[in-house]
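Asker: Okay, here's what each chain looks like letter by letter:
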Amino acid sequence: MLEDLTAKIDKALKKITGQGKLTEKNISDTLREIRVILLDADVNFRVAKEFIENVTKKAMGTEVLASITPGQLITKIIYDELVELLGSSNAEITVSGSGLTKIMVVGLQGSGKTTFSAKLARKLKGMGRKPLLVAADIYRPAAIEQLKVLGKSIDVPVHAPGQIDPKEIASGGLKYAKEHSLDTVIVDTAGRLHVDEEMMTEVADIKQLLQPEETLFVVDSMTGQDAVNSAKAFNDKVDFNGIVLTKMDGDSRGGCALSIRSVVGKPIKFISNGEKTDALEVFFPERLASRILGKGDVVSLVEKAQSAFDEKEALELQEKLKKSKFDFEDFLKQIKMIKKMGSLSSLLSMVPGFGSQLKSTDIDEKAFVKVEAIINSMTIAERRNPKVLNGSRRSRIARGSGTSIQDVNRLVKQFNEMQTMISRMSKMGINNSLFKNKNFKFN
Amino acid sequence: MSLFKNFNFNRLKEGLKKSSDKLVGKINEALTGRAVIDETFFENLEESLVTADISYETVTQILDETRKQLKNESDRTPAIVLKVLKTVLINNLITIDPARFEQRITVNKPYVILIVGVNGAGKTTTIGKLANNFRNSGLNVLIGAADTFRAAANEQLEVWANRSGVRIFQKSMGSDPSSVVYETIREAIETKTDIVLVDTAGRLHTKLNLMEELEKIRRVAGKLIPDAPHETFLVLDGNAGQNAIKQMEEFQKICDITGIIVTKLDGTAKGGSIFQIGRNSGTPIRYIGVGEGIDDLQDFDPVQFVEAIISSEKIIN
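Line order of the protein sequences matches chains V and X. If you count by the numbering used here, then the first sequence holds residues 65 to 507, one letter each, in order. If you count by the numbering used here, then the second sequence holds residues -19 to 297, one letter each, in order.
The hints are simulated quantities; they were obtained by calculation from the structure and are not laboratory data. Honestly, I wouldn't trust all of these hints.
[Said to hold, decoys possible] Listed next, with one range per pair, are the computed distances between beta-carbon atoms:
hint: 1; chain 1: X; residue 1: 171; chain 2: V; residue 2: 159; range: 50 to 56 Å
hint: 2; chain 1: X; residue 1: 116; chain 2: V; residue 2: 272; range: 40 to 46 Å
hint: 3; chain 1: V; residue 1: 118; chain 2: X; residue 2: 84; range: 53 to 59 Å
hint: 4; chain 1: V; residue 1: 225; chain 2: X; residue 2: 229; range: 40 to 46 Å
hint: 5; chain 1: V; residue 1: 481; chain 2: X; residue 2: 188; range: 56 to 62 Å
hint: 6; chain 1: X; residue 1: 40; chain 2: V; residue 2: 235; range: 52 to 58 Å
hint: 7; chain 1: X; residue 1: 63; chain 2: V; residue 2: 117; range: 30 to 36 Å
hint: 8; chain 1: X; residue 1: 155; chain 2: V; residue 2: 225; range: 27 to 33 Å
hint: 9; chain 1: X; residue 1: 199; chain 2: V; residue 2: 260; range: 37 to 43 Å
hint: 10; chain 1: V; residue 1: 159; chain 2: X; residue 2: 76; range: 49 to 55 Å
hint: 11; chain 1: X; residue 1: 229; chain 2: V; residue 2: 159; range: 41 to 47 Å
hint: 12; chain 1: X; residue 1: 143; chain 2: V; residue 2: 272; range: 31 to 37 Å
hint: 13; chain 1: V; residue 1: 113; chain 2: X; residue 2: 196; range: 43 to 49 Å
[Unchecked claim] Derived list of chain X stretches under chain V, where covered just means 3 residues or more per stretch with a C-beta under 8 Å from a C-beta of chain V:
hint: 14; region: 91 to 103
hint: 15; region: 181 to 193
hint: 16; region: 240 to 248
[What the hints assert, rightly or not] Which chain V residues stay away from chain X? Per the calculated CB distances, all over 12 Å, these:
hint: 17; residue: 151
hint: 18; residue: 158
hint: 19; residue: 228
hint: 20; residue: 370
hint: 21; residue: 434
hint: 22; residue: 436
hint: 23; residue: 440
hint: 24; residue: 441
hint: 25; residue: 450
hint: 26; residue: 452
hint: 27; residue: 479
hint: 28; residue: 481
hint: 29; residue: 484
No residue lacks a Cβ here, since even glycine has one placed at the ideal position from N, Cα and C.
Bound-form chain V, shown alone:
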């Protein structure tokens, strides 16, 4: 009954030898794996390298909780940093309370500017604003027509004077909005390549003229390594203040967002995830971080371990271990802690590579129930001092817990063995790294 549990604790203790803190050695495999994950997610080569280097430099030496491995811990730390870097809060757009709010939409060809412009107009209209769409893409055939059709479908006026100078279109849009008492102008500009000097100058000129409250850089979430170059060029030219990630309803991992954030440091404001005009979401960094990194299983495993781990109890336990005074009371606490983390099988199924094997491995969840029942049937005195457990006490406990006397005997025997093992380890000074505090956060 208890063999399984003891074996696991034993194994955990052994594993922890030399793994109590994050070192270059014990996380190198994980880091290599994560680097490839990031590259496959289209995070720029340089960005991925520097990101991992910076995070690990800060995390080095962090204490590792008993129930997790260094690899799992560094994965969680990387996830947290990823969330942090992607933006710790979801940034809404600025709309001025009074007067005209001007929003300008820029980006490469085919990134989804026109569709996004319509979605944004619809969203703002839903918020009670009175938007105007301005068709300033005079280059792509029928782009103006497309915006007109979209505007009509969402019942938002479109200023589209035709194939004239985009600057004139923009200023005409402002005038139109004022005349028609509209409060928000969304200017859809033409898609352009960041290396096209002439076109980049044009977009800068439009911005100069509009003086927009918001300039949004629309980027296809499927973009690869080159995202750093285009984003930087656009940022240099128009100094945009937000990023829109489009086509997120596909299966791209969206690593380009991390590249862009790293290079230009501007917040991601919207996620566009469908062809219909209502498919627009505000941005949640956690979701994107999970999408880029995967590893949601490891992250939640570490989170659970961290929340279940009571620091004060751990310190008390550490003291007891030092004095070799680990008793049934402590044991009960340990079991409760593990139970707080969920069932053992659900816990193990979160460990990558383990979940699939789990079906064939038989985990006796009932072992815990029995152990708990037995300990609960002991008096406090018995728990604190198991030596008093004679035959009659044992048979009382067996009756009280609904187990057999053999079960009680086995538990007591294994508990004694565990105590011997712990006292041996404690003399070797390992317990220090075992149950030390969970405070591995860093800034």
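Start from chain V and add chain X according to the hints.
Answerer: Same frame as chain V, but now just chain X:
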């Protein structure tokens, strides 16, 4: 008859030059900065290749292959390493024999080509350019506007048809795209058309219903001409990263992709995902798009493509 008479290598190089300059600089640095070619040199090469959107898996394989062919210490000079690397890269890219393509077009009339891809990849623009090129080769072209979903897709295609001086068949927005395909092919047969180019709506490869719609389009195309569509071209955005590989896999499941077209290569993106696509599927890369002009579609040439990514003249000067 020769297709794509207007092939202009300089334009391709101009387009890719901006992108290759930086890469060349990096490799140059790797070469001149170090007396010997060691692991650091290979690491730098790794960076250059990954940054070109070649998948990490493929980069590892390509560098392994390169390393294997460089067993002799004396081979390890910058010039030889690059030469071997280029050969390995080129071998990953598959092309078709233009003469065979021309022959197939001559035998099968009308020759139906379906153009598919995700949203914003550049399908419609590519069709405009293809139509222009085919027409310039003396072929009679009909465009079928089967993107009945996106706002103003019809109008956009119409502009391109006018520019290239070819005919277009279209129905109103919201019509069943399969019926557009059917009627386009029927008209093509009646009017003795040489080439039918079918524009389809952009669809993300993860959208099951849209992929099913594509399957239906394909099926309907075969009703009047059993072999149609004779070809299906997948248009990939040159800016796309590793997702291009998934796009290829998913579209391949629905339709037999016979060719890849990579667009928007006139920026700084390099479209390196096609190396793995070539490796995995054996599908040839047919054309590349290097600009918004009607002439900015080029036959794909693997030697020049690789040369434009890694330019040795600049490295060994």
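Asker: Please go over all the hints and tell whether each is borne out by the structure.
Answerer: Status of each hint after checking the structure:
no., hint, result
1, X:171 x V:159: 50 to 56 Å, "55 Å, holds"
2, X:116 x V:272: 40 to 46 Å, "41 Å, holds"
3, V:118 x X:84: 53 to 59 Å, "55 Å, holds"
4, V:225 x X:229: 40 to 46 Å, "45 Å, holds"
5, V:481 x X:188: 56 to 62 Å, "57 Å, holds"
6, X:40 x V:235: 52 to 58 Å, "54 Å, holds"
7, X:63 x V:117: 30 to 36 Å, "33 Å, holds"
8, X:155 x V:225: 27 to 33 Å, "30 Å, holds"
9, X:199 x V:260: 37 to 43 Å, "41 Å, holds"
10, V:159 x X:76: 49 to 55 Å, "54 Å, holds"
11, X:229 x V:159: 41 to 47 Å, "42 Å, holds"
12, X:143 x V:272: 31 to 37 Å, "32 Å, holds"
13, V:113 x X:196: 43 to 49 Å, "46 Å, holds"
14, 91 to 103, "holds (count 5)"
15, 181 to 193, "holds (count 4)"
16, 240 to 248, "holds (count 4)"
17, 151, "21 Å, holds"
18, 158, "27 Å, holds"
19, 228, "17 Å, holds"
20, 370, "31 Å, holds"
21, 434, "48 Å, holds"
22, 436, "47 Å, holds"
23, 440, "52 Å, holds"
24, 441, "56 Å, holds"
25, 450, "56 Å, holds"
26, 452, "63 Å, holds"
27, 479, "50 Å, holds"
28, 481, "48 Å, holds"
29, 484, "49 Å, holds"
Violated hints are absent here; each numbered hint is respected by the structure.
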